[in-house]
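Protein chains: 2
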Amino acid sequence: MISKNQLKYIRQLEQKKYRRREGCFVAEGTKVVGDLLQRYRPEAVFATADWQAPAGITPQLVTDDELRRISFLQHPQQVLALFPLPTLNSNFSIQELTLALDGVQDPGNLGTIIRIADWFGISTIICSEDTVDAWNPKVVQATMGSIARVNIIYINLPEFLDSLPADFPVYGTFLDGDNIYTQELTREGLIIMGNEGNGISDAVRAKVNRRLLIPDFHQGETADSLNVAIATAITCSEFRRRQ
Amino acid sequence: MISKNQLKYIRQLEQKKYRRREGCFVAEGTKVVGDLLQRYRPEAVFATADWQAPAGITPQLVTDDELRRISFLQHPQQVLALFPLPTLNSNFSIQELTLALDGVQDPGNLGTIIRIADWFGISTIICSEDTVDAWNPKVVQATMGSIARVNIIYINLPEFLDSLPADFPVYGTFLDGDNIYTQELTREGLIIMGNEGNGISDAVRAKVNRRLLIPDFHQGETADSLNVAIATAITCSEFRRRQ
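Going line by line, the protein sequences match chains A and B. Residue 320 in our numbering sits at position 233 of the first sequence, and the numbers go up by one each step. Residue 125 in our numbering sits at position 38 of the second sequence, and the numbers go up by one each step.
Treat the hints with care, as some may be off.
Since the list gives no way to pick out one identical chain from another, each pair is judged satisfied if it fits inside one copy or across any two copies.
In silico lysine to any residue, SDA-like type, Cα no more than 20 Å apart, as pairs [to be verified]: (1) Lys118 - Gly284; (2) Lys225 - Pro194; (3) Lys103 - Ser180; (4) Lys104 - Leu148; (5) Lys294 - Gln164; (6) Lys294 - Asp249; (7) Lys91 - Val237; (8) Lys294 - Tyr241; (9) Lys118 - Gly286; (10) Lys118 - His305; (11) Lys104 - Lys118; (12) Lys118 - Met231; (13) Lys104 - Gly286; (14) Lys91 - Asp311; (15) Lys118 - Phe326; (16) Lys294 - Asp220; (17) Lys225 - Gln161; (18) Lys225 - Asp311; (19) Lys225 - Glu283; (20) Lys91 - Arg327.
Source of the hints: derived by calculation from the structure; they are not laboratory data.
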């Protein structure tokens with residue numbers, strides 16, 4: 088049984104300002120909720136009778152119809168849970184290969200990038216303040232559970248880049264960069280991926296000290312751009328295969 | 088001005104059976120339509136007054152409101168055009184690196200894969216008959232115009248694989264395959280990518296003679312899967328960088 092107040096509370100969490108105010112986000116489905124439960128204590132778990140709860144978790148039972156009413160999915164999947172927003176660590180420092188996102192807007196792209204980071208063992212993603220919120224229900228869903236294993240930090244990105252030692256490797260991909268397949272790539276460093284339409288912003292571009300190019304293999308035609316998640320995957324793959 | 092018959096005709100083209108019957112598909116937006124116009128003669132072009140028509144193209148002028156009514160997009164973009172379905176070449180033979188899709192279901196994934204093929208200079212994609220239709224409006228849109236430059240062929244995939252010489256390299260990615268980063272990769276060959284949930288089907292798996300693995304770089308956790316478009320990008324990148 089879902090109360091009116093619960094319904095209203097959950098629906099509001101679609102919006103970033105309510106997630107920030109309540110310190111709480113929504114996750115759905117057996118895979119995503121299951122992965123998050125391995126790391127985080129939920130604030131609440133709503134599930135239909137067919138959900139197999141892990142040991143120690145007692146869900147509030149709901150009907151299929153109630154689940155549909157609280158769900159953000161077209162096809163709700165057995166369970167919806169509320170988790171506390173991870174605390175942002177302001178004393179963050181980079182000691183390994185790290186991703187930074189400069190204004191990525193599409194929730195599906197951010198979700199896919201989090202999943203790529205998880206696959207390639209990149210434990211932290213730094214996001215500019217204008218990057219879409221990672222605890223948006225669409226992003227959480229698109230991570231397929233990877234959001235449980237990757238730290239995500241929102242920060243003033245140009246200021247953060249200013250705080251790095253001048254010789255710290257900061258990578259970005261550009262049309263006039265050096266071929267990523269033949270360029271030397273360091274084990275540590277920051278890889279910056281830009282906005283879907285405009286790429287890396289001017290303020291951030293000025294801090295990139297290693298300009299890379301993902302070459303295309305077109306025959307005599309103008310090259311188009313790659314989707315930002317695809318470019319992230321190719322770049323991370325290229326860094327990791329060298330190890 | 089759009090007639091009732093035109094509206095009905097265009098809306099029906101959302102469905103594969105009508106596209107097949109009419110031999111026609113829908114493309115939208117300046118980029119996608121512009122790329123297609125470089126290759127194909129349109130059957131019809133509907134555009135608002137602000138669209139800059141290329142030389143030789145005279146669109147049927149429509150209002151913003153009319154464009155909204157015929158469009159499949161949330162935010163219609165100046166132009167919608169109808170193009171003839173490309174003729175399927177049944178005498179197809181492989182002489183270069185080619186992609187094959189075995190049951191890819193998501194229109195966004197297929198669109199992204201077509202875009203990846205275009206980037207990496209892969210001119211042909213062979214699709215199993217249960218792969219989502221490439222001329223679905225959502226796929227066409229997700230290709231960002233690449234559908235104008237990549238040949239897409241629907242075929243009985245297991246039968247086609249049977250017709251290949253026994254030693255022709257047929258690649259697939261599997262959890263127990265050989266590390267793609269260190270394995271020898273040929274210049275010619277077929278790369279098979281499977282369904283989002285189930286991977287490569289049994290009938291097709293039996294024909295794969297080079298099993299590859301995209302290794303993950305997790306620290307001590309069960310590896311999750313990669314999205315099929317991401318796996319395609321990493322695989323194509325790895326084949327092409329060796330050239």
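Structure-based check of all given hints:
1. Lys118 - Gly284: Between. Shortest inter-copy distance 13 Å satisfies the 20 Å Cα cut-off; intra-copy 32 Å does not.
2. Lys225 - Pro194: Answer is both; intra-copy 6 Å and inter-copy 18 Å each pass.
3. Lys103 - Ser180: For Lys103 and Ser180, the Cα distance exceeds 20 Å both inside one copy (26 Å) and across copies (52 Å).
4. Lys104 - Leu148: neither (28 Å within a copy, 43 Å between copies)
5. Lys294 - Gln164: Neither, since 44 Å and 35 Å both go past 20 Å.
6. Lys294 - Asp249: within (8 Å within a copy, 54 Å between copies)
7. Lys91 - Val237: neither (34 Å within a copy, 52 Å between copies)
8. Lys294 - Tyr241: Within. Shortest intra-copy distance 18 Å satisfies the 20 Å Cα cut-off; inter-copy 47 Å does not.
9. Lys118 - Gly286: For Lys118 and Gly286, only the inter-copy Cα distance (18 Å) is at most 20 Å; the intra-copy one is 32 Å.
10. Lys118 - His305: Classified as between: cross-chain Cα gap 18 Å, same-chain 39 Å, threshold 20 Å.
11. Lys104 - Lys118: neither (26 Å within a copy, 35 Å between copies)
12. Lys118 - Met231: Answer is within; shortest intra-copy Cα gap is 7 Å, inter-copy 31 Å.
13. Lys104 - Gly286: Cα proximity of Lys104 and Gly286: none, with 26 Å in one copy and 39 Å across.
14. Lys91 - Asp311: Close neither inside one copy (50 Å) nor across copies (37 Å); limit 20 Å.
15. Lys118 - Phe326: Result: close neither inside a copy nor across copies, 29 Å intra and 32 Å inter.
16. Lys294 - Asp220: Classified as neither: same-chain Cα gap 24 Å, cross-chain 44 Å, threshold 20 Å.
17. Lys225 - Gln161: Both ways: Lys225 and Gln161 sit 11 Å apart in one copy and 17 Å across, limit 20 Å.
18. Lys225 - Asp311: between (27 Å within a copy, 19 Å between copies)
19. Lys225 - Glu283: The answer is both: 17 Å in one copy and 18 Å across copies each meet 20 Å.
20. Lys91 - Arg327: Answer is neither; intra-copy 49 Å and inter-copy 56 Å both fail.
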